[in-house]
Amino acid sequence: MKMRTRRARGWTAHPKRRTPPGAPPGIIAVDPLAHKPQIEVFAYGPDQVEQLSIPDPSQLSTLLGKFPVLWVNVEGLGDADVLQTIGDLFGLHPLAMEDVVNLHQRPKIEEYGDHLFIVTHMVSYLEDRLDSEQLCLFLGQNFVITFQEEKPGDCLKAVRQRLLGGRKAIRGANADFLAYSILDAVADHYFPVLERYGERLQEYESAAMSESDHRIMAGIQDMKMDLLSLRRLLWPLRDLLNTLLRDDFPAIQKETQVYLRDCYDHSIQALDLIEMYREAAASVMELYLSNLNHQMSQVMKVLTTIATIFIPITFVAGVYGMNFNPQSSPLNMPELNWAWGYPFALLIMATIVVIMLLFFRRKKWL
Amino acid sequence: MKMRTRRARGWTAHPKRRTPPGAPPGIIAVDPLAHKPQIEVFAYGPDQVEQLSIPDPSQLSTLLGKFPVLWVNVEGLGDADVLQTIGDLFGLHPLAMEDVVNLHQRPKIEEYGDHLFIVTHMVSYLEDRLDSEQLCLFLGQNFVITFQEEKPGDCLKAVRQRLLGGRKAIRGANADFLAYSILDAVADHYFPVLERYGERLQEYESAAMSESDHRIMAGIQDMKMDLLSLRRLLWPLRDLLNTLLRDDFPAIQKETQVYLRDCYDHSIQALDLIEMYREAAASVMELYLSNLNHQMSQVMKVLTTIATIFIPITFVAGVYGMNFNPQSSPLNMPELNWAWGYPFALLIMATIVVIMLLFFRRKKWL
Amino acid sequence: MKMRTRRARGWTAHPKRRTPPGAPPGIIAVDPLAHKPQIEVFAYGPDQVEQLSIPDPSQLSTLLGKFPVLWVNVEGLGDADVLQTIGDLFGLHPLAMEDVVNLHQRPKIEEYGDHLFIVTHMVSYLEDRLDSEQLCLFLGQNFVITFQEEKPGDCLKAVRQRLLGGRKAIRGANADFLAYSILDAVADHYFPVLERYGERLQEYESAAMSESDHRIMAGIQDMKMDLLSLRRLLWPLRDLLNTLLRDDFPAIQKETQVYLRDCYDHSIQALDLIEMYREAAASVMELYLSNLNHQMSQVMKVLTTIATIFIPITFVAGVYGMNFNPQSSPLNMPELNWAWGYPFALLIMATIVVIMLLFFRRKKWL
Amino acid sequence: MKMRTRRARGWTAHPKRRTPPGAPPGIIAVDPLAHKPQIEVFAYGPDQVEQLSIPDPSQLSTLLGKFPVLWVNVEGLGDADVLQTIGDLFGLHPLAMEDVVNLHQRPKIEEYGDHLFIVTHMVSYLEDRLDSEQLCLFLGQNFVITFQEEKPGDCLKAVRQRLLGGRKAIRGANADFLAYSILDAVADHYFPVLERYGERLQEYESAAMSESDHRIMAGIQDMKMDLLSLRRLLWPLRDLLNTLLRDDFPAIQKETQVYLRDCYDHSIQALDLIEMYREAAASVMELYLSNLNHQMSQVMKVLTTIATIFIPITFVAGVYGMNFNPQSSPLNMPELNWAWGYPFALLIMATIVVIMLLFFRRKKWL
Amino acid sequence: MKMRTRRARGWTAHPKRRTPPGAPPGIIAVDPLAHKPQIEVFAYGPDQVEQLSIPDPSQLSTLLGKFPVLWVNVEGLGDADVLQTIGDLFGLHPLAMEDVVNLHQRPKIEEYGDHLFIVTHMVSYLEDRLDSEQLCLFLGQNFVITFQEEKPGDCLKAVRQRLLGGRKAIRGANADFLAYSILDAVADHYFPVLERYGERLQEYESAAMSESDHRIMAGIQDMKMDLLSLRRLLWPLRDLLNTLLRDDFPAIQKETQVYLRDCYDHSIQALDLIEMYREAAASVMELYLSNLNHQMSQVMKVLTTIATIFIPITFVAGVYGMNFNPQSSPLNMPELNWAWGYPFALLIMATIVVIMLLFFRRKKWL
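Residue numbers (this note's numbering), protein chains in the order written: chain A, 69 to 434; chain B, 69 to 434; chain C, 69 to 434; chain D, 69 to 434; chain E, 69 to 434.
Calculated from the structure, these hints are not laboratory results. A few of these clues could be false.
Same chains, same names: a pair is fine if it fits in one copy or spans any two.
Said to hold, decoys possible - Using 20 Å as the maximum straight-line C-alpha spacing, the simulated SDA-like pairs for lysine to any residue come out as follows: (1) K369 / M424; (2) K104 / S121; (3) K225 / E201; (4) K219 / A418; (5) K369 / K431; (6) K432 / H282; (7) K369 / P398; (8) K236 / P92; (9) K219 / V109; (10) K236 / I95; (11) K225 / A91; (12) K431 / R283; (13) K219 / L301; (14) K225 / A241; (15) K431 / L360; (16) K369 / R283; (17) K104 / L120; (18) K322 / P162; (19) K322 / L360; (20) K322 / P92.
Note that this is a predicted model, so its numbers are computed, not measured.
Just need the whole structure built from these sequences, with the hints factored in.
Have a look at this one:
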């Protein structure tokens, strides 16, 4: 089994929020090290689709109202002005805009007047570790705006292809169907990641039975923490989808809800798998530890048995190594001068060994 | 105890979904390796029953509406066209049809307009492992359609026999009673499987007390994971049956609900058993580990005691093996020339052994 | 502590249901080995009571409607015809009658038209194991019918005595009060059984602190499984009583509900005790294991210490047992010819022992 | 740390109920060994208060209706007639009266017509163990009746003093305020008891880090069971207070509910503390066990290291103690006749020791 | 890793309540050792703000009603008269005032007529331990009164700055917005504290893999207890904020609720983190213990192996140290006089060592 290099887990990264405690609400506190935003626009209707890359957010105003649906995808959160401009243009709530730049948010859904604000996370499995990227989505009457951190790649490629490929189903539908498609792509991307953990589990399991490389422990513990992180992202996503299903949001149409139910089912299935993997990981660890313990016991048993067999016969040898003077008395080690003395001593030793081996064998210690 | 061969557990098999993430909804993504569908039809009413094997799904249209109840049982999911044809013929929802070919679904119930869609799993105990086969059921006003993977055997034999055997109860009733009969057969088949685990538990328990074959550990862990899988299939089945009981589905008649309550009771009973077995498995493992530990302790105690008894007397022998010259001084090992020197030395050793044995005995170490 | 003989726990007995999976509902599937039913009837009103033993169930029809309350108690479930006759006579639902012969049912309450069907279990503590016997009760407007397995003894003796003893309270009341009295007798019988487990706990606890008989482990594990079984019987009984309290069953009168509340309280109290005992059993086991471990450590420490003290002095003896020739050089073991050589060597050994003892003492290892 | 003497825990005491199973309801089954009841009466109104000790319960009838509030406090439950008389005088329900003499009841509240029946427990910390005494309280329109076991002392002293001390708040209020005051005194008395456990925890914690007295284990286990008992008493008390707050009992006035909310808060706080202590106790035990294990390891490591260092040099000594005859061949142990033979042997031994010490040091085993 | 000094955890401090059990309600029981109260007032409206330090609480009456919002911040709870005066002036409920001086209250919200009473806690990380300070807040129509213990520093500095800095948002709003700002500052201050625990976790994790300093155990246990304390403070805070969101308090305006939702989100996020850290701490401890165990095993294995190799060859040396007389018989140790006797003996020993080493190597014990 190839061993993974231990990864540094960024415990502290999680709670790092950009907005300092006690700051007034509604401030967009940008991380100065973050990349400048890249704006990509899909403007489409049943019969047309335009894909644009826009350098200046104010250009968006020219597109407003001209297309049935407008999808603005912003990658990189490094410029407060750009974000502010977009927020003002579409009338997004300041508290929601503040959340956009606060990474490591909990997935949630919030209704602000006429638009919905959804926070979710795209996950990927990168260099043996779990990686997640926050995706904020605003759904209005005729627009969808998504903000993601600037990380290479996202899981929306398939959505873009369906838009450009001219599939009626998505192009003819409203903005809420696009939002569903994005959420579904996000939720479905948990499965390939989970599959990787399934493979790792299998590796660990076969390793746990044969090898005794102690790095398995750290590997399983890492995996358990990753599964925990996944669960932390999926539980609220499930709740979020449930809220979308149950509540009567004007932005969500009846027909779209049937599809959301499907998406909700997938999130439950993924959660089920996570629980299963967590139990399996605990089980594999238990197996490994008991196996290690068992191996250790076997070693100690054999070693101690060897020692125990030799100790009595070494004693016999010690006895006949004593220097009592046979000449001063016939009682003093007469064996030393017997003709058969030495063979006799060796015989005693052999007898001791045989008796002990038989004893150990009968007790099933060997 | 005969030891089972360790089975490879297909962790990764579970999340393998046919539909790739981000794909448009409603696509029937068939596994190219799956078998071609075999269509078996039961068309019946109070006084007649016909069992047909149909090679071409379009033939089904000739049967439509001619019988009070039509049961179409499809085995094998390897042809998208066949499935599509059946779906179109009975007006089944595309999202449901997509789920039919996605194996390892969570049991669930969904209402699509006038028909119910139910996903459940038939379990069996095959070569010391749990095997499950997905069964999708559509219940309409006058038809039941079941889709199952192409695996040899199912648990619906008894239902077929009751149909053919001319039992009034089932033939005179509506489609919902047939659906109940199928669900009941599925739920009841959990019991013989559970019985097998009960037998294994008993084997493990007696083995845990006497043997120290470390493969028990892996066996119990396997069993725990199997019970977990069973629970994952049964919990949602229980919920599904509860939904059928509580909600007011037009497809389910009042009289059938009494029978469903019975079926629901059985699912709870099976869940109870699973919980009991899980706790018992944990208990047996605890017992085994503590027993192993205890045996190990006993071995070490005896071995160490033997060593400890011989070490002091070996020392005595060592002392009298020293080469101090008795001739250079009367203080130098005069014992060596004593008449009773050797018996005296042996007596010292015997005394030490007796004292130590008494001491160990009093301390209850032996 | 007297050790109990290990009992074979019938894991597989539990799921054994008489009705094979897939069988049509409503069939009374009798165990051919079960005893023939014995029918005992109490027909009573405020001023009269008759206790009859009836060989033929059809005789019951002559008693019907002649007394305010009729209690038919059937022991032994070995004759389907007899059960069917009684079921038909009182109009009992076929599904309920099917459940009567299926042992190891979960306690439950079901309403079938005008009568209630209650499944519960009488427990006893027999030869150091938990024994339970299913009791099915039908409560109609003016009758109570109870079915129990043919096991010697039941817990209804006190109820019979109160009926015969002419206590107004029970004789003057309706059938529902009799049903309450039976349920209360069943629920109250959990307490003496629990008391036995309390006594065993106390035995185990004192044993855990002093002895190291490893059979305690198996005993506690047995007890934990028994408590689990008790909980499995009591939880649904509690729910059942709660249902009787909350729901508005026409068969239960307002005045009887006050008494049922009392009975419900007792079931909660018994459940509380079970939880307490389970935690206590876990605690005793922890104590025992830690104690065992501690004893083992003490033994190993002393043994190893003895060995460690002798090893260095044995080495010293070994040194002076070397055969270097003092005559070939004044550097070669001149000690051997010293006048005080031997005492000197003994002194060295004594010094080593003292130093080591002091060292161990200071480190608190002895 | 002073070690507590192990106390015998009365497992079996708990389920001992006076009323035998199956007995008719409403019977006051007195414990023949219990003390005779002592009746103490407080009859008061805004301007007057009388404290009486009444030998005969029938005298109570003369006080009835003469004072705004009557508090009858009965200590000792050893006379069924006395209890019956009081019950009849105030119209208390027979089922409630039956519960009064059944000790170890679960705290509960029950409404019987115009009066409330409350069961609760006063706790104290007596000789290193938890002691509890059942307190039953009846609250009627203008009376409060409390029954307690005959144990020295109760926690109502402060309530009595407030009555006698002429505090308007309590004397001017209705009977429900007195009931609140009693319940509040009971609930508040959990805090000093909990404080004692807090102190014990602190003792155990410092002991766990330094000493290795194995009695700590039993002490912590005792404490865990005590905390469990406390929780068993407090959870239902909390529910009881919540019921008093939410439900609309005619006997409880609006103004009193504000005070009950306060009392309810305290019960939650006490439960919080218990949970905290339980987790802390588990943590201390874990610490102790790991510490013990660590100490043991250290001891074994040092001992084994000593042994391991001496074994090779003892072997060297053994080699030069062999009796091969140097005269029969120049190959036979020529070292024995070397001029520097002995120093050479000692040097070899010293070298071995130094190398091993360096090796162990580098491996950080020493 | 720098090791923290073990801190004394004040278990007993928690339940110490000022009010003795059984005392009449509504009494302000001041701790005589507490500091005298310091009163700081912010009186403000959209266009003005005044910051005053008031020595005498009666002066507050002159400010009453003159400003849109009055914030009275009291630090130090050592004078019952001062507290009473403030309570009377603003009409605060006596039961709430009693709670103000009872430290270690559970966070809660209570409605007393026209004002809300909120108890919460400010946390900080002081000298490697968690420190908390109770903050009681009264929110009336046009005032906010906060009481805090006299500890240096609080987390309200940012709120004060926003008030003085003339930010319209806070100054133009009502008293409820000020209350929100204070609660938000309190809730947000949990994050920097949690970050410190995240850093400690990371330290412990890397230490657990490499070092074997047993103080890690105590450190992790301390941290677990701190996280437990944090959770005990945060859970009710979360409930409190939820109550503020759901219930319709007249004191809270619609617009403020949007902001409270944000604050509520943060509290959930902090709770999520705590759960994550708790699991991670358990995982790190498991890792540490298994690592320690593994290291120990490695040491013991090597040491025992060394001993086991030397014991057989020491025996061989012992054999040839026996003093059997070769002259009395040709059978008696003829090896001693062989020309190659000594090399032969050494060869035997070397062979034994090589065989054992090969054996151990093949068994992977070395």
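The hints, checked one at a time:
no.	hint	result
1	K369 / M424	both (14 Å within a copy, 15 Å between copies)
2	K104 / S121	within (14 Å within a copy, 47 Å between copies)
3	K225 / E201	within (15 Å within a copy, 33 Å between copies)
4	K219 / A418	neither (75 Å within a copy, 63 Å between copies)
5	K369 / K431	both (13 Å within a copy, 13 Å between copies)
6	K432 / H282	between (29 Å within a copy, 14 Å between copies)
7	K369 / P398	neither (43 Å within a copy, 40 Å between copies)
8	K236 / P92	between (46 Å within a copy, 11 Å between copies)
9	K219 / V109	within (18 Å within a copy, 49 Å between copies)
10	K236 / I95	between (40 Å within a copy, 14 Å between copies)
11	K225 / A91	between (38 Å within a copy, 10 Å between copies)
12	K431 / R283	between (35 Å within a copy, 19 Å between copies)
13	K219 / L301	within (18 Å within a copy, 37 Å between copies)
14	K225 / A241	within (19 Å within a copy, 46 Å between copies)
15	K431 / L360	between (23 Å within a copy, 14 Å between copies)
16	K369 / R283	between (25 Å within a copy, 19 Å between copies)
17	K104 / L120	within (17 Å within a copy, 46 Å between copies)
18	K322 / P162	between (29 Å within a copy, 16 Å between copies)
19	K322 / L360	neither (57 Å within a copy, 59 Å between copies)
20	K322 / P92	between (39 Å within a copy, 18 Å between copies)
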